[in-house]
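Residues per chain, in single letters:
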Amino acid sequence: MTTDASSAMIVFEHVAKRYPGGVQALSDVNFELARGEMAFLTGHSGAGKSTLLRLIALLERPSRGQVVFDGRNIVRLSRAQIPRLRRRVGVIFQDHKLLTDRKVLDNVALPLLIAGLPWSEIRRRVRAVLDLVGLLDKEAMPIPTLSGGEQQRVGIARAMVAKPALLLADEPTGNLDPELSAELMQLFCTLNELGTTVLIATHDLDLVHRLGRRTLALRAGQMVADGPPGAQQITEPTR
Amino acid sequence: MIRADFRAWLRRHGYSLLSSVGSLVREPASSMMTITVLAIALSLPLGLHTTLVNFDHVHAELDRLDSISVFLGPEIDAVQARRLASSLSGRPDIVAADPISPEQGLRELAGATGLDALEVGDVPLPWLLQVIPGAGRDLGALSDVLRQLPEVDLVVIDLDWIRRLESILDVFRSLVRVLAVLFGLSLLFVISNTIRTEVERRHEEIEVMALVGATAGYIRRPFLYAGLWMGLAGAVLAWLLVQAGVLAMQGPVSRLAASYSADVGLAGPAIDLLLPLLGASAALGVVGAWLAVSRALARIHP
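Heads up: the sequence lines are chains Z and X, in that order. The opening position of the first sequence corresponds to residue 1 in my numbering, with each subsequent residue numbered one higher. The opening position of the second sequence corresponds to residue 240 in my numbering, with each subsequent residue numbered one higher.
Hints were generated in silico from the structure; no laboratory data involved. Among the clues, some could well be false.
Claimed, not checked - Estimated spans, in silico, between C-beta atoms of each pair:
1. TRP248(X) <-> ARG64(Z): 33 to 43 Å
2. TRP248(X) <-> PRO142(Z): 23 to 33 Å
3. PHE245(X) <-> ALA80(Z): 12 to 22 Å
4. GLU139(Z) <-> GLY253(X): 15 to 25 Å
Note that beta-carbon positions come from the ideal geometry of N, C-alpha and C, so glycine has one too.
One chain only, chain X, in its complex shape (with noise of 0.2 Å):
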């Protein structure tokens, strides 16, 4: 008897689960309309999720990039200073040595804090190099060492930059959860709203259905797998759609990369991600579609 019961409560969800499908497939513009517009949804906060995980990427090799100001004693001449730098660049420890005249040094600064040049004509300036250390290199011990060198003056690590992008990072760290939330409840939102227009679409049928003795579960179910089928396409598109960003935007960014000689490849959403995204995107779109439902199986009131 259990057994029976047990066989048709099965075969009563595969009639649902058969029925949700047909009628997804029996509007596909309007339904392709509804996935298009979870999948944007789901697609921001997926690929801010995706741009981010990528700088950390980028962040990674950021060291490389730091710079090491090395300001020269005021003795120093233009001769001295392009020496220096050239027998730097020599160093397996060091990418390049640029040596910075004074004259360069005021214009920068001049632009810098507004002033004419002229003004800050009076200040003293003396020969920068500007280092770019090797990548993996103790910034520490060749700053120490530079440190030793006659003719430098004032070693200066610029980190503040970096700690600065850090801090940035960290502000879209929390605007991607943010936003996840909020396009979570705008993905509840619209599949309940869609769920709505198709419950008020198909009012009738959901009054003879009642009329003929199906329970609030049975008439409640293939919605319930409409919005799960929703749920999930929508997240499989937004995938797809955050993939399709990824690829477009390869050549740029590793075109970027390489002035930075750097050498970058934007990484997709991450494949383990796709799991919870299914998950979550399925379970709103049945929460969303019980809302739906219930609301209007109170309202018709069978």
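One chain only, chain Z, in its complex shape (with noise of 0.2 Å):
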């Protein structure tokens, strides 16, 4: 807890999470985030990271504790002020969470029509952001067509298109092959470089090591390492 306040782009204090039920999914969480830092979220699965990244974005609240986001506390946000803190986290699903029956355009512009941009200022930043997930010429394409790895990149373009402060991943890589997840982590490296804040939740322990970032360790619902932060050049693969 040595980063000021200010410059913390989440701060977790005491967290827990305890589902009805009686699943404890974390107990006692503290770390922090710097603005304009990327950084993994590691463990085996069932270990919490879903959970931890849901907390952020309010899909779910925390049964004890603090979440900050940019210097505010996000635990008792009312369900109207929901919708204003999602717009400023983009969220990236292992599963996509596409529509499957509208086109790549359409899902991309689904933030900004929420935003109700106007329609010209819409195509214009879809195009953008395709253009930097390489997806230029997918636009027009019906979701379905795509394979995963596009399909993967339309949901990180979505999530980018509204310029959102914070950019969060679960398990993004899930179903790729070695080479299309490589690629994926560049395109978070890269993003990451234009002044996003990024966390990412995956088990690829190989990938994370070779990107150096720091990292966090989850295990049954525990933070168990803090990793140092690497550096913030891009650490090439050395094969």
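Quick one: dock chain against chain with the hints and give me the complex.
Here it is in structure tokens:
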């Protein structure tokens, strides 16, 4: 807890989450993520990685403790205030959570439609972010015609398009082969360099080690390791 | 700033509106079926109301169908009765005067009472003239004139059946009100149920929208528009159904009316009923959609 509070993007203080039914997903988790930082969240499945991310996007509320996002305790936010928070947090899901009956363009445009931007502005920004994730030529494609990696990149584009302050990714490389996974991580590093704070939950330790970023490890709902922040440059795989 | 917010609000509404039309058009068969069910539910009270309005029209003309029963003295025989009948028929204020013989009256009496003709045979019946007055004539004055005739014994104006018809119509009027409430409720539930299925079908989409920061209002809006469209379309279709029904009945009804030598044209539902119908149906549609989406949203708890 050495970071200045004003520069912290996320602060967890004594956070516990117990699901109805008695499953203790998190118990007494403390950590901080600085603005502009990129970190990995590792641990076995069931260690509480997803729960931790869900608490930040207020998909769940903690049973105990404080979750501070951008200087504000979000635990007590009313339901009406949740949408405003979620617009500032881009979330990438392992199962993409795309609208499969719509085109790529419509999926990526969704957060901007919700914000009520003019259509011309929406088109411009969607094209820009699709260019960033390398899908500009797939704009008019229906989702089911895309490969798993492409669908994941559509998810990233959607999470990025509204320029959120924080990007959360839950097992973004879960179903991808190693090469695609590495490519995707590279994309996250690029986004981080562009100024977005990034927190990625993954069990792909290999990839995490190669990238040499700060690593938070969860075991059975407790933070068991908080590795040193890696260099802000991208450490290329040495192979 | 406020103007920019307002423009964003307008745009959000525009996107919701387009999306609601889009989802109706994407599923034309199921939308059409829902709208048809709504239209049929609406057309029943509307059709009954139209029938009643038409009855009132007919009713206004019914006065001229009132008949006056003129009982002649017991000494009047067939020749005198027929002569009086034809001379009365010549009067400008009388359309027809039909003589009814004692035998005919006896048969009718026997039929009406269920007695054998022989058992009532001893009852002395006079000749009777069934007089149908001209339209708009003063029945009282005419019956006074008839009563003055030397051959006439008794004049009876038969208004009972008109009064009965009046009370039957009153019963139907309250029935229309009851039906309108019932079918209005059914409309609410049909729309609510349709939207609920739609909400369940689009469960994923709703979840995704909630995840990327859509407010409950934003998620709800396309469904409210869908309810609005279905309510409006249902009302228009109900209107057309009733209109078509009226057209189909036009021929038989005017033949029936002609047999009473009345000129009755059927009227369709009044045009000033269309707006309230559209308004009520649209309002019910929106309320039904609201109920369905709010329940679904509470369950999904995004």
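Here is what the structure says about each hint:
1. A hinted range of 33 to 43 Å holds for the C-beta pair TRP248(X) and ARG64(Z), which are about 38 Å apart.
2. Taken as a hint, the range 23 to 33 Å holds for the pair TRP248(X) and PRO142(Z), whose Cβ atoms sit roughly 30 Å apart.
3. Distance hint check for PHE245(X) and ALA80(Z): the Cβ-Cβ separation is about 20 Å, which falls inside the suggested range of 12 to 22 Å.
4. At roughly 22 Å, the beta-carbon separation of GLU139(Z) and GLY253(X) lies within the given 15 to 25 Å, and the hint holds.
Figure legend: structure checked against the earlier numbered hints; every hint is met.
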